[in-house]
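Top to bottom, those sequences are chains A and B.
So the first sequence is numbered by our numbering: it starts at 118 and just counts up by one.
So the second sequence is numbered by our numbering: it starts at 118 and just counts up by one.
Read the hints as simulated data drawn from the structure, not as lab findings.
Quantities reported herein were computed from a predicted structural model and do not represent experimental measurements.
Just to be clear, a hint being listed does not mean it is correct.
To be verified - Straight line, CA to CA, 27 angstroms or less: simulated DSS-like cross-link-like pairs of lysine-lysine:
(1) K340(B) - K294(B)
(2) K517(A) - K546(A)
(3) K222(A) - K174(A)
(4) K478(B) - K546(B)
(5) K340(B) - K174(B)
(6) K174(A) - K186(A)
(7) K139(B) - K340(A)
(8) K387(A) - K239(A)
(9) K478(B) - K294(A)
(10) K294(A) - K139(A)
(11) K340(B) - K340(A)
(12) K546(A) - K294(B)
(13) K139(B) - K187(B)
(14) K174(B) - K294(B)
(15) K415(A) - K139(B)
Protein chains: 2
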Amino acid sequence: MPTQYGTIDQSFLDQLVELTSKERVSTSQALRDQHGTDESYHEAFAPDVVIFTHSTKEVASVVRLCAEKKIPIIPYGTGTSLEGHVAALHGGVCIDLSQMNEVIKARPQDLDVTVQAGVTRKALNEYLRDTGLFFPIDPGADASLGGMASTRASGTNAVRYGTMRENVLSLTVVNPKGEVIRTSSRSKKSAAGYDLTHLYVGSEGTLGIITEVTLRLYGIPEKVTAAVCPFPSLEEAVNMVITTIQCGIPVARIELLDDRQMYAVNQYSKLNYEVAPTLFFEFHGSPSAVDEQVEQVKSIAEDFGGENFQWASQQEERDRLWNARHNAYYAALALRPGCRGVSSDACVPISRLAEAILETKKDIEASFLEGTIVGHVGDGNYHTLFAFDPNDEKELAEAKRLNARIVERALVMEGTCTGEHGVGHGKMKYLEDEFGEAGLEIMRSIKRAMDPDNIMNPGKIVAL
Amino acid sequence: MPTQYGTIDQSFLDQLVELTSKERVSTSQALRDQHGTDESYHEAFAPDVVIFTHSTKEVASVVRLCAEKKIPIIPYGTGTSLEGHVAALHGGVCIDLSQMNEVIKARPQDLDVTVQAGVTRKALNEYLRDTGLFFPIDPGADASLGGMASTRASGTNAVRYGTMRENVLSLTVVNPKGEVIRTSSRSKKSAAGYDLTHLYVGSEGTLGIITEVTLRLYGIPEKVTAAVCPFPSLEEAVNMVITTIQCGIPVARIELLDDRQMYAVNQYSKLNYEVAPTLFFEFHGSPSAVDEQVEQVKSIAEDFGGENFQWASQQEERDRLWNARHNAYYAALALRPGCRGVSSDACVPISRLAEAILETKKDIEASFLEGTIVGHVGDGNYHTLFAFDPNDEKELAEAKRLNARIVERALVMEGTCTGEHGVGHGKMKYLEDEFGEAGLEIMRSIKRAMDPDNIMNPGKIVAL
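One chain only, chain A, in its complex shape:
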């Protein structure tokens, strides 16, 4: 039975102001609209009110008020999600955590750091600069670390360092009753009870609000080298990646861009890379370890016709290279000004990657819509981007059809419907295929048990 949500009236708004301040509670249309949309193609749903919190305690007090009145709550970081995660499907209060941007404590001796949820990954690495440590997870967007934990984000460095799943040590969470929970101790391992940390990582605000994140840190590698190498065909590029992974070479980044995406990148970032299926690499380690990896990778690449490595050892050159890669989404959109994008996101076991990507490329070639392929291919994770004209219904329908084919193909190949973008409300329909009805029912039972009134980001991940 769906929850009967409460009404947001002036007295409720006054109470929000009382819990924070007048300046931090807003019902302005522009701000609400901005908070009801992410970077995806999904329809916007504005919340009724946006509140900017400054502490876990404030979040807890707002949640308690909302719980009492049965008002939906949508947590908001930087709004860079891609499956409608922040859409206020049932209205309610958007809790914007971006002003909770304090690094609470860095502990170089323990290789960890605790931050407020609104600290972005770039701000964290800026803060850490003089410690010799860094936080590697890099989804491209300068997302908040709370948001990245909530969506189990990953990105280009995951092939070596893992995703948020592997790098969140502990969380402070406000549960749907407005109580504050610490999901685990700071010890590196533990066998104490159910794994609440991993339950909250990827729960997209549906079980509570992450207000603080304790993350693993890594020593900045003594040597970092990046390279770009074109390949004669998409198949050879992907097979090169598969071999590299199967050989266990600890590459830090290994990214694929197809020919069309390289064209877009050249246009957008004013570069002149060869327009061919291309791999971007990065190697981390001691000088001798990096040299060893580079030799192995060059030798594998040669077997697949990849010979023109362009190297970048200096920070500045590497930044240029990775900026070009990170802007791939915007570059592909810029091919058709005024268009919006549908970004697919699938992940398969590495042995199936060539088949998955080549069939996807065929789908694109057979469609009237243009699309590009990019991928964190070392993890078996790849995206397509379809730019569609928002005034042309046929184009959006075609983009959705192609997106569905990509997901279904991944599921047949023992893969997942989302490698890193998450479920939001855009991919809920695929969870039953992926987990079966009994698996999905476990997820529903957890949601019902932990949030019986369904106030936490309702309508995402599981429908009650």
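Once you have looked at the hints, place chain B on chain A.
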């Protein structure tokens, strides 16, 4: 309200036989006694009946029968747990999975393998021998992989390869209704829904029965070298470890044994190591990477007075060395024939490790009971072993008192009450201190939602 459990009568036993076979259902006293006890000091509680299953389907049918009659179910692997995990506190059916010992599929191309839950870690590595791959998690005992997943086990290799938490890719689970669930796809990463895999890893049979495990595999390192090195003091040995970890050196194993433990090991394994606080190391990698690590570690060790490295490069020498380490528990027990052991297990952030261990040593020195210290110190995880005379109540009381002090100290230091042994029923009392009442209530709500009749290994992790 506690569940009113059903009664096990002849008709129920007949139904169990019908689901399996006469030979695989037993009510013999000896077999029941053996299945109601683990390797710990906790009191034995025999189940009413033991059933040996051969497939996920059989497990599901047994669970459906038990669910219908509200009969408690206790899963059993090899019985090597240490906190009373297999004690049938409310009687019921013990499902022994040890005959589910088939490797279902190894996929070297994907660096993963799927096994039935009863396959032990040694049997798996034996099976993998010709593939060039191995599974690194090594808790000492030759435990079943289902049991290791259930208890979130780790051991000596975790400092480099992580624990079961990091190495289980997916599980097949029979839920408390007798339905079969696959917790995730085989893709290396996923952002699809709640993380059921991690919810089941470490759930100790209280949310369902793990029947199949898909694990990550690693290439056998080109070079492996082990070493043993004594130190002038416990403090210097531990500080050497802390520095090594803080420098980010990817040692595969780094184990501490205190002087008393070294004495016990010498006696038990007929060796003649120096009786001093000692570190056991292992290094994995390419020849140049191993050489680099060895040089770094030797140089750090020197700073802490560790100079007498004894090296072991050949498989046979390494096996002897690690067998001595793995038998530490039995060696300490053998110092007092006829005694049983209380093994403590705590884990703290690495920066607090020296303080934690030195205070523990003081506790031991101040006690009338003898104790030894061993530890997977690279992770901040350490154990003490107290051998007590089962006919002397004072000794057991003292061992429990010391154990409690170790746990409380770890919690004050932002550590955990159990690094790897798990909760069972022996450590339930510490979970509220570690997670707070609100955190513990989340665990209870999950248990109630997923197992409303409390039939799955009742009385473990959380009390309902």
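How the hints compare with the structure:
1. Taking the CA atoms of K340(B) and K294(B), the gap is near 48 angstroms; set against the 27 angstroms cutoff, the hint is violated.
2. This hinted pair checks out: K517(A) and K546(A) have alpha carbons roughly 13 angstroms apart, not beyond 27 angstroms.
3. Between K222(A) and K174(A), the direct Cα distance comes to roughly 18 angstroms. Compliance with the 27 angstroms bound is thereby established for this hinted pair.
4. Pair hint K478(B) plus K546(B) holds up; C-alpha atoms about 24 angstroms apart against a cutoff of 27 angstroms.
5. Between K340(B) and K174(B) the CA atoms are separated by roughly 42 angstroms; this puts the pair beyond 27 angstroms, and the hint is violated.
6. For a cut-off of 27 angstroms, the pair hint linking K174(A) to K186(A) stands: about 19 angstroms separates their Cα positions.
7. Taking the CA atoms of K139(B) and K340(A), the gap is about 64 angstroms. The hint is violated against a cut of 27 angstroms.
8. As the CA atoms of K387(A) and K239(A) are separated by approximately 24 angstroms, the hinted pair is consistent with the 27 angstroms bound.
9. With a CA separation close to 43 angstroms, the supplied pair K478(B) and K294(A) exceeds the 27 angstroms bound.
10. A C-alpha spacing of about 24 angstroms is found between K294(A) and K139(A), which places the hinted pair at or below 27 angstroms, so the restraint holds.
11. For the hint linking K340(B) to K340(A), the alpha-carbon distance of about 23 angstroms falls within 27 angstroms, and the restraint holds.
12. With a CA separation close to 24 angstroms, the supplied pair K546(A) and K294(B) stays within the 27 angstroms bound.
13. At most 27 angstroms may separate the alpha-carbon atoms for a hinted pair to count; K139(B) and K187(B) meet this at roughly 22 angstroms.
14. Distance check on the hinted pair: K174(B) and K294(B) sit about 13 angstroms apart at the alpha-carbon level, within 27 angstroms; holds.
15. Proposed proximity of K415(A) and K139(B) is contradicted: the alpha carbons are some 61 angstroms apart, above 27 angstroms.
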